[in-house]
Amino acid sequence: QAACKRIAALVASPGNADLSRAKPAAAGAASAAGRDAPKPLDELSNEIILSSLQSSGKVAVVASEENDLPVWMCDDGPYVVVTDPLDGSRNIEVSIPTGTIFGIYDRLVELDQLPVEEKAQLNSLQSGSRLVAAGYVLYSSATIFCISFGAGTHGFTLDRSTGEFVLTHPSMQIPPRGN
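Numbering (full-length UniProt numbering), first residue to last: 1 to 179.
No lab work stands behind these hints, which were simulated from the structure alone. All figures in this text were calculated on a predicted structure; none of them were measured in a lab. Quick reminder that beta carbons are idealized off the backbone N, C-alpha and C, glycines included. If a hint is listed, it holds; no wrong ones were tucked in.
Listed next, with one range per pair, are the computed distances between beta-carbon atoms: (1) 175 with 40: 34 to 44 Å; (2) 51 with 112: 16 to 26 Å; (3) 128 with 40: 28 to 38 Å; (4) 108 with 148: 19 to 29 Å; (5) 57 with 163: 16 to 26 Å; (6) 114 with 57: 18 to 28 Å; (7) 94 with 161: 23 to 33 Å; (8) 97 with 56: 23 to 33 Å; (9) 56 with 166: 19 to 29 Å; (10) 57 with 111: 12 to 22 Å; (11) 6 with 151: 24 to 34 Å; (12) 2 with 128: 25 to 35 Å; (13) 113 with 175: 45 to 55 Å; (14) 154 with 115: 37 to 47 Å.
When you get a sec, could you build the whole thing from the sequences and use the hints?
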């Protein structure tokens, strides 16, 4: 929650418009994964997410869209997190919503004997059917945190007056047809 609140504040701050622009790079330069050149706001959001997950002590591996390889955080963390810390950051300049997307898996302890890089990679490439939880945070005129643990999806809206997420969309459903 704390990381998403910090990112929401960054995205909402008009003084950070320059952070949403890509850094100048060498001609034809792109990331090793073939993505667009990273923007400072993407990198800052990534640092916020990584720092928050590291300090939790609960995450063994983080695979972020902003990193070329998964990051091994701690040997006894029970979870693996895959994330795009700030999806759609190029939208900020035109006031289109952005968000953080994430998936959480159980760490595969049977891989613990492997070298760090290999077990980090294999842990982060688990099938979607093995997800323990998944969700997104929408940064717009309101900040909404949606999460599912596999049995329903719930949405929480950031109450800016208290700084807390409040359950505003319990048991969200997609209508069977139409809007």
